[in-house]
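Chains as they are written, first to last, in our numbering: chain A, 1 to 378; chain B, 1 to 378; chain C, 1 to 378; chain D, 1 to 378.
Please note: incorrect hints may appear among the correct ones.
Copies of the same chain look alike in the list, so a pair counts if it works inside one copy or between any two.
[As the list claims (entries may be wrong)] Each computed SDA-like pair below joins lysine to any residue, with the alpha-carbon atoms no more than 20 Å apart:
#1 Lys284 <-> Asp317
#2 Lys313 <-> Glu20
#3 Lys203 <-> Ala176
#4 Lys203 <-> Ala233
#5 Lys209 <-> Glu29
#6 Lys284 <-> Ser91
#7 Lys36 <-> Asn25
#8 Lys67 <-> Thr141
#9 Lys203 <-> Asp174
#10 Lys203 <-> Pro139
#11 Lys67 <-> Tyr144
#12 Lys284 <-> Thr220
#13 Lys125 <-> Gln68
#14 Lys203 <-> Thr175
#15 Lys67 <-> Pro82
#16 Lys313 <-> Ala46
#17 Lys203 <-> Leu178
#18 Lys180 <-> Phe93
#19 Lys284 <-> Arg255
#20 Lys209 <-> Ser91
These are calculated hints, taken from the structure and not from any lab test.
Listed here are the chains, written in short residue letters.
There are 4 protein chains.
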Amino acid sequence: MIVVIETGTPAQEIQRITQELERLNITPEQIVGNHKVVIGLVGDTAAINPQQIQQLSPSIEQVLRVKQPFKRAALEFRYGQPSEVFVETPSGFVAFGQNRPIVQVAGPCSVENEEMIVQTAQRVKAAGAKFLRGGAYKPRTSPYAFQGHGESALSLLATARQETGLGIVTEVMDTADLQKVARIADIIQIGTRNMQNFSLLRKVGAIGKPVLLKRGMSATIEEWLMAAEYILATGNPNVILCERGIRSFDRQYARNTLDLGAIPVLRTLTHLPIMIDPSHGIGKAEYVPAMALAAIAAGADSLMIEVHPNPAKALSDGPQSLTPQQYDELMQQMAVIGQAVGRWSQHFPISTVDCTSQKHQAKQEICDQTITAMIFRK
Amino acid sequence: MIVVIETGTPAQEIQRITQELERLNITPEQIVGNHKVVIGLVGDTAAINPQQIQQLSPSIEQVLRVKQPFKRAALEFRYGQPSEVFVETPSGFVAFGQNRPIVQVAGPCSVENEEMIVQTAQRVKAAGAKFLRGGAYKPRTSPYAFQGHGESALSLLATARQETGLGIVTEVMDTADLQKVARIADIIQIGTRNMQNFSLLRKVGAIGKPVLLKRGMSATIEEWLMAAEYILATGNPNVILCERGIRSFDRQYARNTLDLGAIPVLRTLTHLPIMIDPSHGIGKAEYVPAMALAAIAAGADSLMIEVHPNPAKALSDGPQSLTPQQYDELMQQMAVIGQAVGRWSQHFPISTVDCTSQKHQAKQEICDQTITAMIFRK
Amino acid sequence: MIVVIETGTPAQEIQRITQELERLNITPEQIVGNHKVVIGLVGDTAAINPQQIQQLSPSIEQVLRVKQPFKRAALEFRYGQPSEVFVETPSGFVAFGQNRPIVQVAGPCSVENEEMIVQTAQRVKAAGAKFLRGGAYKPRTSPYAFQGHGESALSLLATARQETGLGIVTEVMDTADLQKVARIADIIQIGTRNMQNFSLLRKVGAIGKPVLLKRGMSATIEEWLMAAEYILATGNPNVILCERGIRSFDRQYARNTLDLGAIPVLRTLTHLPIMIDPSHGIGKAEYVPAMALAAIAAGADSLMIEVHPNPAKALSDGPQSLTPQQYDELMQQMAVIGQAVGRWSQHFPISTVDCTSQKHQAKQEICDQTITAMIFRK
Amino acid sequence: MIVVIETGTPAQEIQRITQELERLNITPEQIVGNHKVVIGLVGDTAAINPQQIQQLSPSIEQVLRVKQPFKRAALEFRYGQPSEVFVETPSGFVAFGQNRPIVQVAGPCSVENEEMIVQTAQRVKAAGAKFLRGGAYKPRTSPYAFQGHGESALSLLATARQETGLGIVTEVMDTADLQKVARIADIIQIGTRNMQNFSLLRKVGAIGKPVLLKRGMSATIEEWLMAAEYILATGNPNVILCERGIRSFDRQYARNTLDLGAIPVLRTLTHLPIMIDPSHGIGKAEYVPAMALAAIAAGADSLMIEVHPNPAKALSDGPQSLTPQQYDELMQQMAVIGQAVGRWSQHFPISTVDCTSQKHQAKQEICDQTITAMIFRK
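Kindly produce the complete structure, drawing on both the sequences and the hints.
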């Protein structure tokens, strides 16, 4: 349920309405959009009569129920306003969102040793990536396959983070490892196979750090958004959705079917930022560039690409990894498309914070640095 | 890798071979089949030269590598001998396996209250079920949907168990709940959404209790067997596979596509017992009986069917639940097919134990009560 | 739209109502059920006011619109009464329907030469089949693969028909061959790849011979029934639906996923008889028996099974063909399940005709020979 | 099988080799690439010994077997050289191929009346389209739905062609209509449901006109190329592949899953040009632009987009049709991406002919007008 406030309502009155709403045993969340302030109501709203709320103030323009089964993830919940996820990295804040430059995440499937991870981090940073991906805990089909170096890999990621200033994205598979992972990761990844591991979703959400939620192999869009809702329901608004290929009837050449159609569909359903992982999505290095470019043209907010210094010798997912040089070349091609759609910037606007969120209001002063709305994406 | 022993080799020599094998830093597991004794080798067998083992004794007939990516789950690993899972219940041991009567598991999706669970337990027991299913922790698509009564539901299951003597099958979703669940459950269920939650697989396996492993919604047969391998690799051989419907392009009428073809396919790949869940598999009560009968004809070792005293008011999965009376009727129909295929018994042979496993050798004396091989299934 | 007639209405009055209906520019079709006579209205019924029809006679109990997008295929159109398809063979009429014994169809994928087809025909007849299947025109993925012997294969089928008295089921792929195929075939098959070849559907329908309509590889149940509707709309009521496996994400072991769930689903939607083809459905000879038995238990009205004298040398689909001996053995197993469900008969009731259809009313005298309703299938 | 000729071999010697090859009862096809001349051998090459051919001339560099099951469709068959399909339209030749500007095809699902089709044609031409699409014969799921205006629609397409100079793309469903369709169509479309209607493929191929082959709803890439092979095997090299969305497990929001990954995959397998149909591919007008842009970035050679003057009143597929104004806007966005990838041209190079094909060698003089190789696509 959302409460739309009349344009021009003084902050004091909004404050008063919020306090009144709190008395109804629901949690009000203020969302400051470009044109409107709305208050999202979280909790057992089924029992609440919209008319009762309407009467709280003449400054209430409308009281609307969110029709979708996902509530906080719904675009309606933010009255059509896209959300932005701000991630703190050693080099400053990086913003994921529809009105932000495309954020590049790159790195190997697994962290193998210090040299390889630091070297890869340096290369992808030089190419323009803002985040390093790398697996410490690897979900592998076989119990006998390499399962990741675990805790020691986490410290290597910490080293790479310190050396390069890149943010770290890494996966957690087990709630027992959550604290360790959260100490190192700037974004905690929930993998495809755990998209509906609801216990994990709740516990990762409760940590409060930004969460990257990969789509399950045969998850419908609705199931995916419901999984996001599990995280959002913990009060953590920092969820990034990542499409990484779905399972179809044909796996002879491509490992998965990258569902780029999810981008425009999600845009009509949710305010959350969207990342595309073309590496898993198609599963062969030679096919990755075409899909990365397509993802940008389709409107992705971020890309995650596997890069390994020596794919032929990778401990996992070698066939779908680019070499650093291939990544350099792809980045140049991506820049061409990224510029064409108005979402590429040489000088990435670090430092911006979420001006619409209460949390960061202290940093309000730097809000004016946010880049202006993109012409192309309207 | 398996070591096939010559027929007629004295137990002493087999013992000696086993000790020699242990020196190679691998774990030998003895499998006593109808015709042969074989020793399965577990561990890093890649480095071992089969010829080196061959030379350990002239009583070694053959040394074979398991070609499948799943090793202990492979039919080859048991030299073609089906395995049996013996589950201890208040009424004695119940055996799951190809040469055993079909084991019936029934009950509601969720445990709602004492009256409903005890009543349902009594009804399904009267109809011939050996196990009560009932969810205490429910994996639900929505965070706002009923999530199961948790711990209090577990005690209600304990009550139903005591009252009826039925074994209990219930799901664990979170490693944090594992001890609590394991105290009550005779078989611990790993649900569809967690089939590749590898941390959970390992921890549940390590508990040592029988595990029911449901197939993931779009898991291939191979991925499913690899998930079973995660459990088997902990040293727990008591895994039952449960097909519960896969995801296909058509969900207009049926919720899922029940893949009964998995039964003959699995028979050529694995020795593990197979359960079919037609309730989730097709998702509407009126379609369940046809699929239950088909499952028996196709060779299922066990069936799991949702039964609820009042499906219209069920807190979850009502539309696919039978009433106790419908279950009675279905049981009569199942008896007809079960008898036709020679796998139905009025007087269920409780008390039998796994004669092929070292663990239960103390109870060897009751081994002769096992029913004789089925003519029909050859 | 259907007009339900009051029980006990004299034939004369029904006749009068029918004539009145004809004046409305729609075609009335009389359906005589066990308890009721209903008149199905075919044509542009959207414009017709049900009340206007109601007023035609006090003997009209109800006027109902068929809610499904498929009209004549809908179970509603026959007021819940299953239809029966009667096929004339050299040995008399064979009936396909829910209250009839299961009809066995068997034979090779392709007709290869006279010896093999006649021999196979003799073997499958001896085993209990009523129809010989055999391809003269083969839809092959590759233009360079064997495409069937065409017209000469048709004459070999004619020979086999004459020698054995079996009915013939063979596929037509091209409207140009339709006349030739129709001269030989007792049932004309429309293959999976042509399920939505609407021109072919219409032209085959117009021939008037019974049609076997295989389900498309990824056709939904609704699309399949709509394809049947194309045939029914030509005025030809003799359509048999054949499930032959759908395409899913896993084809590593089984060629297709046999959707036996289609049986109970179809029973709630349509009156048409249902055949199952486990050979294409699962695609490997060793898996076929389990699926054939399951199909019978699930309620199939007919089975189509590939049998080849020498599968290893078959020109097409060898891996999924049984040898005649394997077919004999399977038939014995099928008999066990068929008897259990009350749909097997040593002495197949040839000679019965469709007593509910106007067409065959001349043969009314033999209608009393129809077997009585099956207890099991209710 | 292909015969690679040494660079610098005189035309006379190539001619002689060709004649020698003809004596072997196979059909040699000369392919003039950028760097090499190769001779493709068509027919029963299995029996031919490569060494025997090698000995025909010292100018033969290599004799290679095509390893793919599709032969003429294989990239190997043209020694890696992409093919180009030249279509004659009233405004001159239009080329489809990897080194050509992206060809735009647009128009309504069905031809409804003269005004709508001519008007739409004028609008899409003004926007930059080179071809008008429009259905005269429509494959509809329901026999009671609008089936297209047939022959009269064909004459309306002829009128629109004459009025605007656009080429015409229209579907044929029935071999009986083939001559009529071929008289009007510049490109004959084979629809999704007929992709494996092998009789139709052969007959359409034999007409010799360019063929647009849509991918079947659940056709694998290999099956699709095998279907193309049916056309190519008639000697007609002018095949364009069209991806139009595949069937997946999720159809709640998008009608189909547009498989853009097919583009890079096909590039490694075949030389044939690739068209993308985002309208059917995703099935809702608001999602079409994102997918059209993505298709261009992924490397599509052509786009087919549904445009209707009044989508809300369209006789078929209204929800996925753009208005002419939306198409104008999309064309502007496509131009941005098209220019970025170097495949957009204000002044479309009409008049170019296939310089690599013998057929058009007479028109060699205009070959130098072909646009230069694209830097971006390398």
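Classify it for me, Lys284 with Thr220: is the Cα-Cα distance of at most 20 Å met within a copy, between copies, both or neither?
-> between (24 Å within a copy, 17 Å between copies)
Between Lys209 and Ser91, at a C-alpha cutoff of 20 Å, which is it: within one copy, between copies, both, or neither?
-> For Lys209 and Ser91, the Cα distance is within 20 Å only inside one copy (17 Å; across copies 50 Å).
Evaluate Lys203 and Thr175 at a C-alpha cut-off of 20 Å and name the case that applies: within, between, both or neither.
-> Cα proximity of Lys203 and Thr175: in one copy and across copies (7 Å, 12 Å).
Can you give me the call for Lys67 and Pro82, within, between, both or neither, at a CA distance of at most 20 Å?
-> Result: close within a single copy only, 18 Å intra versus 41 Å inter.
Indicate which option fits the pair Lys313, Ala46 if close means a Cα-Cα distance not exceeding 20 Å: within, between, both or neither.
-> Between copies only: 19 Å across chains, 56 Å inside a chain, cut-off 20 Å.
Lys203 and Ala176: within-copy, between-copy, both or neither at 20 Å Cα | both (10 Å within a copy, 11 Å between copies)
At most 20 Å between C-alpha atoms: does Lys203 with Pro139 qualify within a copy, between copies, both, or neither?
-> both (18 Å within a copy, 15 Å between copies)
Within a copy, between copies, both or neither: where do Lys313 and Glu20 come within 20 Å Cα-Cα?
-> Neither: 62 Å inside a copy, 35 Å across copies.
Can you tell me if Lys284 and Asp317 fall within 20 Å by alpha carbon in one copy, between copies, both or neither?
-> within (9 Å within a copy, 32 Å between copies)
With identical chains treated as interchangeable, where does the CA-CA distance between Lys203 and Asp174 reach 20 Å or less: within a copy, between copies, both, or neither?
-> both (10 Å within a copy, 11 Å between copies)
Since the copies are identical, ignore which copy is meant and state whether Lys284 and Arg255 lie within 20 Å (CA to CA) inside a copy, between copies, both or neither.
-> Within one copy, since 7 Å is at most 20 Å while 25 Å is not.
Evaluate Lys180 and Phe93 at a C-alpha cut-off of 20 Å and name the case that applies: within, between, both or neither.
-> neither (22 Å within a copy, 43 Å between copies)
Going through the hint list in order, the structure does not satisfy hints 2, 6, 7, 13, 18.
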